[in-house]
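The residues making up each chain are set out below.
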Amino acid sequence: MKVRVVAATALAASAIFAAGCGGSGSSSGAGGDIPAYNSSEHVTISYWVPFTGGELNFVKKVVHGFEESHPGIKVNVSGNINDEKIIAATRSGNVPDAALSFTTNNTGVFCKDGTFLNLGDAIKRDGIDLNNFPAAQRKYTEFEGVRCVLPAMADTYGLYYNKKMLEGAGISAPPRTMSELSADAKKLTVRSGNSFKTVGFTPYIGFYENSAEHYGPLWSAEWQQSNGKSAVASNPGWAEMAEWIKELVDYYGHSSLVRFQSGAGEEFSGSNAFQTEKLAMALDGEWRTALIKSEAPKLQYGTAPMPVADNRSQLYGSGFTIGNITGIPKGSPHPAAAWELIKYLATNVKPQIELTEDLGNIPTWIPALEQAKTKASPQFQTFLNVFANPHTTTPPITASGESMQKTLENYLEKYQAGEGGDLHKGLEGVASQIDAQEAQAKAGNTP
Amino acid sequence: MNAAAAADPRGRARRRSQWRRRRTVAALLAPWAIGFGAFFAYPLIASLYYSFTHYDLLSSPRWIGLANYEYLFNTDPQIWQAVKNTLWLIAIMVPAQVLFALGLALLISRARRGVGVLRTIFYLPALAPIVAATLGFVYLFNPATGPVNTILNAIGIEGPLWLNGTTTAKPTLVLLALWSIGATLIIFLAAVLDVPAHLLESAELDGAGSWRRFRYVTLPTISPVLLFAIVIGVIDALQYFTQAYVAAGVAQGGQAGESAKALGYPEGSTLFYPIYLYEQAFARFNMGYASAMTILMLVVALALTLVILRNARRWVYYQGEAR
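The listed protein sequences correspond, in order, to chains H and G.
FYI, numbering that gives the first Met the number 0 numbers position 357 of the first sequence as 356, with every residue one higher than the one before it.
FYI, numbering that gives the first Met the number 0 numbers position 213 of the second sequence as 212, with every residue one higher than the one before it.
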């Protein structure tokens with residue numbers, strides 16, 4: 000499951016302190032040097048992961064399997080580690096041997112200056128066939144020819160629907176187009192005065208998993224033009240997506256919808272609105288199947304690919320995929336043993352199947368994926384199909400990390416609230432801002 | 000110095016004594032000097048240097064001249080929203096805090112009994128950890144399930160969206176600031192209780208009503224404390240971070256601590272300058288740009304403080320000072 004945890008206690012003044020205390024990192028280039036592991040060597044390595052709670056225990060269980068197969072290597076797994084901590088550690092010299100990140104979009108940040116070691120030589124030396132990773136995963140683990148991370152389980156997204164509610168509203172099948180989704184959402188909505196007893200589907204950007212990144216592929220909305228410039232203004236899909244979102248938000252009333260969402264329960268808790276039947280349909284990741292199994296086992300639900308734009312029906316069945324990335328930070332004390340660990344997690348059927356069963360994530364090693372298909376529940380099978388669909392996309396890896404997604408979503412949040420002004424002008428402004436951010440991240444002539 | 004003087008044993012003893020005294024002074028000053036250098040001067044100078052560089056925390060800083068400042072003033076569309084929100088805090092929250100603390104202090108000072116109890120009650124919220132207090136407020140002011148709106152609904156009023164509304168998020172944060180006003184309140188209370196009773200009595204004998212006694216006796220006497228509260232309030236407003244950071248993340252539906260994607264929620268209305276600075280430094284890894292923002296904040300804080308202090312000469316009265 001994707002859980003992005005960010006440190007909650009930083010004061011503005013810390014920027015001064017951090018800037019002052021930080022030594023100047025050295026750019027070592029992208030080349031990494033990972034020696035072959037000597038099996039007679041006994042080492043203890045550290046592995047930093049962002050997982051917490053029960054999920055962390057699942058990861059530890061899988062890592063224990065690695066220790067059994069590599070008797071010379073003991074692994075200390077630390078949870079609740081986000082990218083900021085990894086970067087701070089890399090700079091301070093207190094470097095973990097290996098790390099895992101939820102933030103796929105930061106591959107560019109990790110690879111461009113050698114923050115994570117280049118895995119290219121080790122992959123070649125150990126004869127790993129990269130074709131055993133799906134195309135999207137190969138794409139998001141490489142930046143400008145440098146592969147500094149491996150995929151370690153993926154997420155993909157689809158539509159969750161409450162079977163009982165759909166039947167009650169006379170809807171025989173889940174929607175396949177955005178018009179159908181809007182119509183069904185309205186049919187399923189039950190008002191109670193100025194608020195709602197049930198909301199059919201909330202498209203609101205920022206709520207749960209609703210994001211530009213997850214919606215965009217359903218309109219064929221691409222992030223970049225062929226020349227590398229932002230396509231946010233030039234690709235009509237983004238404007239159509241924004242208009243669809245706003246139309247449905249306006250139907251509920253922005254204020255009423257926000258009020259409903261504020262009482263909808265935390266996303267990653269048993270009070271999740273879909274699990275408590277306050278929400279009839281929801282866009283969500285494959286991990287929800289595992290959460291429903293443990294937190295709301297009596298819920299009668301189905302899953303389907305997300306509906307697509309009316310004029311792009313050929314896209315139905317596809318969606319968006321992204322996933323965990325794992326690599327070896329620069330300065331890792333035991334890169335050879337660390338490589339054995341990340342190789343084990345990324346290129347072995349056993350750990351990937353265990354993580355699929357425990358975390359409810361999608362395997363990123365194709366032999367494991369094939370095996371998972373044979374065991375999948377009907378609900379989970381939907382996500383395996385979306386994952387395998389040739390139209391399923393992943394966003395481009397850029398030097399500026401998540402900036403482009405954040406910049407667009409900042410604008411869309413205003414637009415859906417009726418404060419975004421002219422949509423096309425707004426998107427043009429977003430595109431030029433994204434281009435400026437990318438230019439600075441690459442060339443450094445602006446921030 | 001000639002050979003005779005150098006050979007003078009009394010002169011040598013005096014020099015030794017001076018040297019010893021200087022060493023003692025240096026040793027006594029050292030803790031402060033080390034702290035000042037390590038935690039103020041060096042970070043300040045380093046920030047100034049980084050503000051002229053492209054620095055992503057991972058690779059070496061690269062000199063880019065004034066490009067960060069040019070981007071800050073000419074290109075960045077979000078910076079002005081952050082500036083506007085922070086100016087709102089200075090214009091609304093700081094006066095509200097000062098007036099509220101002063102009003103409470105005046106009321107408590109008039110109480111004939113239970114001053115200690117009242118003082119404790121009003122001071123207690125200031126002891127609550129900021130994050131816990133903010134989480135409590137998010138719960139209380141939840142538009143759908145919070146007790147505040149539940150009570151309002153019971154009497155037929157549809158409560159506002161509080162922290163989830165673009166127009167109400169900042170005022171709700173002001174309510175949180177007023178609730179935890181204890182420290183300022185105590186300072187005001189001490190100042191109000193310190194107003195010489197004979198002056199108040201004289202004014203009363205001269206026929207001054209309660210407003211005139213407050214305006215011409217109490218207010219001038221406590222004016223240095225008022226000035227202190229305003230300056231500290233402005234600096235705090237310029238650095239306002241934790242409450243907005245936590246409230247935005249939780250109000251949006253996330254967990255405490257999962258606030259990165261919600262910075263400024265809703266719709267940028269709580270994107271204060273330090274929040275945006277944090278986002279640039281630690282979410283987008285633009286430390287060079289964040290350093291430029293820090294320098295600008297420092298300059299603005301200095302300028303505002305100077306303006307307030309210069310202006311204060313007209314209305315702040317120090318005891319014993321001839322006017």
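Derived by calculation from the structure, the hints in this document are not laboratory data.
It should be emphasised that the depicted structure is a prediction, and the values quoted were computed from it without experimental measurement.
Every residue gets a Cβ at the ideal spot worked out from N, C-alpha and C, and that includes glycine.
Keep in mind that the hints are not guaranteed to be accurate.
Sample of chain H residues at the chain G side, in silico, Cβ under 10 Å [stated by the list, open to error]:
hint, residue
1, Phe-57
2, Lys-60
3, Pro-332
4, Gln-436
5, Ala-440
Mimicking DSS-like on lysine-lysine, the simulated pairs with C-alpha atoms at most 27 Å apart in a straight line are [what the hints assert, rightly or not]:
hint, chain 1, residue 1, chain 2, residue 2
6, H, Lys-84, H, Lys-196
7, H, Lys-374, H, Lys-162
8, H, Lys-123, G, Lys-83
9, H, Lys-372, H, Lys-349
10, H, Lys-186, G, Lys-83
11, H, Lys-342, H, Lys-297
12, H, Lys-372, G, Lys-169
13, H, Lys-277, H, Lys-163
14, G, Lys-169, H, Lys-123
15, H, Lys-60, H, Lys-277
16, H, Lys-245, H, Lys-297
17, H, Lys-162, H, Lys-123
Going down the list of hints, with the structure as the test:
{"no.": "1", "hint": "Phe-57", "result": "violated (19 Å)"}
{"no.": "2", "hint": "Lys-60", "result": "violated (24 Å)"}
{"no.": "3", "hint": "Pro-332", "result": "violated (19 Å)"}
{"no.": "4", "hint": "Gln-436", "result": "holds (8 Å)"}
{"no.": "5", "hint": "Ala-440", "result": "holds (7 Å)"}
{"no.": "6", "hint": "Lys-84(H) to Lys-196(H)", "result": "violated (42 Å)"}
{"no.": "7", "hint": "Lys-374(H) to Lys-162(H)", "result": "holds (23 Å)"}
{"no.": "8", "hint": "Lys-123(H) to Lys-83(G)", "result": "violated (54 Å)"}
{"no.": "9", "hint": "Lys-372(H) to Lys-349(H)", "result": "holds (14 Å)"}
{"no.": "10", "hint": "Lys-186(H) to Lys-83(G)", "result": "violated (42 Å)"}
{"no.": "11", "hint": "Lys-342(H) to Lys-297(H)", "result": "violated (38 Å)"}
{"no.": "12", "hint": "Lys-372(H) to Lys-169(G)", "result": "violated (50 Å)"}
{"no.": "13", "hint": "Lys-277(H) to Lys-163(H)", "result": "holds (13 Å)"}
{"no.": "14", "hint": "Lys-169(G) to Lys-123(H)", "result": "violated (56 Å)"}
{"no.": "15", "hint": "Lys-60(H) to Lys-277(H)", "result": "violated (35 Å)"}
{"no.": "16", "hint": "Lys-245(H) to Lys-297(H)", "result": "violated (34 Å)"}
{"no.": "17", "hint": "Lys-162(H) to Lys-123(H)", "result": "violated (49 Å)"}
The structure fails to meet hints 1, 2, 3, 6, 8, 10, 11, 12, 14, 15, 16 and 17 from the earlier list, while all remaining hints are met.
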